[in-house]
Amino acid sequence: MPEIVLKAKVDEFLAHRVENLVKRGVFKNEEAFLKGAVKEMVRKYEIDEINKKMDVFAQEMAKRHPKSLSEAVLEVRMEEDERL
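Counted from 1, the sequence shown has number 38 at position 31 by this note's numbering; the numbering is strictly sequential.
Derived lysine-lysine pairs resembling DSS-like cross-links, with alpha carbons at most 30 Å apart:
hint, residue 1, residue 2
1, K30, K51
2, K35, K14
3, K14, K42
4, K30, K42
5, K46, K16
6, K74, K59
7, K30, K14
8, K14, K46
Because the hints were derived from the structure by calculation, they are not lab data.
If you're wondering where the values come from, they're calculated on a predicted model, not measured in any experiment.
Please put together the full structure from these sequences, using the hints given.
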């Protein structure tokens with residue numbers, strides 16, 4: 008896949024922190040750090056979006072089915088007991 012150049016400016020403090028990570032061998036170089044950071048932020052954003060959709064879905068399901076799972080299971084068990 009072809010690579011595209013992204014430009015970013017950071018303050019001196021942050022640049023030194025990245026430089027220290029590279030010197031310690033945590034990252035091969037600044038480019039490796041930036042690629043990892045961008046991937047992580049994209050992944051985090053995508054997970055946040057999915058979580059929001061799941062929350063909306065859960066709220067809709069709670070409105071449609073106001074009983075908790077425990078209450079529903081107990082109700083079914085009581086119905087089974089009555090039949091026996």
